[in-house]
Structure formats: structure tokens, C-alpha cells
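Q: Each protein sequence line maps, in turn, to chains H and L. First residue of the first sequence: 1, per my numbering; consecutive thereafter. First residue of the second sequence: 1, per my numbering; consecutive thereafter.
Simulated from the structure, these hints should not be mistaken for laboratory data. Be careful, since some hints might not be right.
[Claimed, not checked] Simulated coverage check for chain H against chain L, where a stretch passes if three residues somewhere in it have a Cβ under 8 Å from a Cβ of chain L:
1. 7-16
2. 23-31
3. 46-53
4. 67-78
5. 86-94
6. 98-111
For each residue, glycine too, the CB sits at the ideal point set by N, CA and C.
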Amino acid sequence: MGQVAHYLEAQGFSTVTLTNTPEFHRQVGIPRVAAIEYPYGRPVGQIHDRDGQREVLLEALSVLENAKEPGQIFNLPFTWPEEPKKADWHPPEISPIIKLHLDEIKRLGAEARKAKM
Amino acid sequence: MTDSSKVVDGFRFMPPALRAWISKDIPDQPFGGDIPWTPLKKSIDETIFTLITTAGISMKADPPFDLEREKIEPAWGDPSYREIPRAATESDIEVRHLHINTEYIKKDINVMLPLTRFQEFEEEGIIGRLAATCYSYYGFQLDPTALLEKTMPKVAARMREENIEAVLLTPA
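This is chain L alone, in the form it adopts within the complex (with noise of 0.2 Å):
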């Protein structure tokens, strides 16, 4: 599962600046408060999954997340979400995210949502199944207040219709 002499290091990508930056606000110490758990109840291949993204991915029927606002309040970032079908495709999806080069997930949007790769894993019997609906947020949310009071109940309520049981998640 994992490899002993690989160390990730996150800010490899960034210019040094910006390391810089972002480090200042990360503790150098371990998190020491409690991570809330919830042990998975069966194995994989029976596990209901969902797929939840923060990289601003909606679809062309329903309005984009809102940059404008951002652009005029730098500290703020959209807190609401937006539902992607499992059958959604590249032609299906707006991409909209202030932070990252959004190129190349409206060329395969595997890369960030893997729809197409989990539904391999259905068929294949690697993983009980991929429900109806996956999801995206905004992943700027430097005050998540909204996010986590108004939006998240949302999605558990919509993920507890459709029986989820495991979430892969994948921050842009």
C-alpha cells in the first residue's frame, strides 16, 4: 500500500514564495486534536461509494460557481455545491476554479472526478457500486462556516437517500 521511502512533499509544484507562504500558517507539531472515525462496515467490494471533488465542477444545465464575487473579495470563496451525475462526460461540465488550470479536466475529468474509473471498478467487481450522484464544491474556503453549516447537510441528507457508505475524496 504504500512505499517507506517516499515522502511527499505538497509544495513541490509551488514556487518557493508561496511555499513560504502557505507553511507560515501550518504547525510544524502533529495535529493533536480529535479526528472524528467511522470504520468501514464492509469490505470494498461491497461498499456503496460517492465521489466528492472541491474543484468547482458543475453542470451546463445548472449555474456555475460564482468567481465575480470572488475577484471583488478576495477572502471569500463560494460555499455552495453542485450535484454531477455518475454519467456526466467532459461535454457535460463547466469548470470553474481561480486557483488551479482548469484545462485539463475538461479534457478528462478523471483527473479530479473519476466517474468513468470507479464505474471500471463497478463492473470489474472491485468495488460494490458508484451511486447516482457525485459531488463538487469550491475548494477556496478560507472562512468554511457556510460551507460546513449550510451546504454539508445538504449533501449527507442527498448521500443518505442513495445509501452511501464511503467517500472518496479529492481536493483540487
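Okay, chain H solo, but in the shape it has when bound (with noise of 0.2 Å):
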């Protein structure tokens, strides 16, 4: 969404990212980026939640409003309700990508967890 980002303001358009992962800014450069601790394909809030949602967006309209150069992360202070264990954010079946590079996936895995002991 970085590239999409930066075509649009290349094109004349103002724009505003929402985005669970700020880490893909060091990688691609998002013009202004509120970054939001929550699960991925939930970054406005939880359903059903106005308030939540409202407060999350307005958050939003002010980093728009108030960066005022590219390049800087604002986080926005808001914390999910669940762990991370009970977010179910993952799709029922583990997509094709990943499910092409698993022995990867699960050798990097087991080398993290080496590292961490």
C-alpha cells in the first residue's frame, strides 16, 4: 500500500495510512503513517464498536491534518482488548504464499526461538 501511497500523492492527492505494520514504512517510505497496534483486517476497531471506531479515525484525520513533512511514524495510542492469541485474525486456511516457503517459515522460526534462549 506504500507504492499505492506514493502514486497517489504523486497524482495531486493528500493521504493518510492506517496501518497495523509501520515496520513496511522502512521498506517502501509511507507519506503519513498512523500506525495502530491493532490485528490485521480490523485497523479501524473492533465491529460494532462506534466509539472505538470514531476515536481511532479521528486520531487518523489529525496525523493528516498535522504532519507536516514525510518520513515520521505517529502511533496512535490505542490498546486491543484481546491477546494476540485470541485476535483470530488469520485466514481459515494458511495462504498459498506461505504455505509455498513453510519449511522456511518454521526453520526461521526455530532459529528465533534459539536466539531467545
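Both chains are given apart, each in its own frame, so use the hints to dock them into the complex.
A: Written as C-alpha cells, this is what we have:
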């Protein structure tokens, strides 16, 4: 989505990206980043939580209005109410690209666990 | 606007193995290239908005995003886009995405494409207005060439027809 933001800014549109993964900013450079620590697929908030969704969106609009130059990340102060394991954001089936690379992913996971010990 | 004590961890919800695999392509250093920038021309309460999401949302009347080809060619993602009228509701939409749980969006579209919330902001005078048309494409684009060269020019042209000035982008 960072590249789409680039494209739109270059075409004369102002953008703000409400993203769960601000880390990608280091890869692609996102013009205005409102970072939120919510599960993938629900960046605005929980279902039917009108007030919570409004708070997040008003913060994102505030980033749009107040960011003065590209390259800053604005971390929104919200905390998801469920433990990560309970957030159930993942698809019912492993995605094709993950399936293709599963051996490598498992190996990297084992290495990461070893490094932690 | 921000809480200096919070630094968002974009991998908090991801299993450690997946985190390690995705992180290996992300540089440690800040982005060094140029980032295009269009300053906001007016205050928010005078600005015309549209919304764009990567969640693979389409209207039931339109063809859905193509997931079948991706199942055969795992590095390919459908590069097309769909228009979502601002009055669209959960009963009007189809959601197709192989990388997230789409059930929440089908129950409340606002968690991904906040059409109702932006209509409220319009009524309350918080924004100038929400355009008639919002957009979805499909976020899995390992090679974004077709999306950027074929799809986005069409989206930008439609946005110009509707006098769009600012966009909220919500990647899935």
C-alpha cells in the first residue's frame, strides 16, 4: 500500500495510511503513517464499536492535518482488548505463499526461538 | 495526536516464525528514498475525501477478486480494483482475501472501510464530505507493476472526476 500512497501523492492527492504494520515504512516510505496496534483486517477497531472506531479515525485525520513532512510515524495510543492469540485474524486456510515457503518459515521460527533462549 | 510512550509493534499479532520470515525483507534503517508529498490544501472540515482499502471488497453485483489463480500461482495477486459506493452495506458486499479472516468485515464493513463513520463525520461537519465512490483493491501484490501502471491510473481518473482531495488508506 506504500507504493499506492506514493502514486496518489505524486498525482496530487493527500493521503494518510492507517496501518497495523508501520515497519513497512522502512521498506517503502509511506507519506503519512498513523500506526495502530490492532489485528490485521481490523485497523479501525472492533465490529459494531462505533465510539472506538470514531476515536481511531479522528486520530488518523489528525495525523493527516498535522504531519508537516514525509517520513514520520505517528503511533496511535490504542491497545487491542484481546490477547494476540485470541484475536483470530488469520485466514481459515494457510495462504498459498506461506504454504510454498513453509519449510523456510519453520526454520526461521526455530532459529528465532533458539536466539531467545 | 500521539502518545510518545507507545511504539506500535506491527508483528504483535503474528506467530514468531512468520514475523521472522516477513522481517527479513524489511531494512533496519529508515527509508532513504524520496517520498512524494501533496500538502493538504484546506482544513479537514472543507476537504473532500475518499477511502481506499486493500481488503478485497467487491459489490455483489460485480465480479469478485480472483483468488483461484493465486491458489495455483502463489506469487500472483489479483491487480484489479472495485468501486464501492458510499452507501454500500454489509449485505451488498463480497469479501475475498487469502491472508486475513474476512468474517469481521462481513459483519461490520467499518472495521476496514469506514463508510458509515465518514458519513457521520460529514453530517457533523468534521470533514468537508465523503465522495460518492470509495475503492478496494487486493493487498497481496508481490509485484505491484500491474496495480501501479494499469489499475491506479484508472482509480486516479475516477477520483479526479469526483474532485477528491484527500484519501484514507486502510491496508488489511
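Q: Each hint should be assessed against the structure and marked as holding or not.
A: Here's how the hints hold up against the structure:
1. 7-16: Answer holds; 10 residues pass the 8 Å Cβ test.
2. 23-31: holds (count 9)
3. 46-53: holds (count 5)
4. 67-78: holds (count 8)
5. 86-94: Three-residue rule met by the region 86-94 of chain H, so holds; n is 7.
6. 98-111: holds (count 11)
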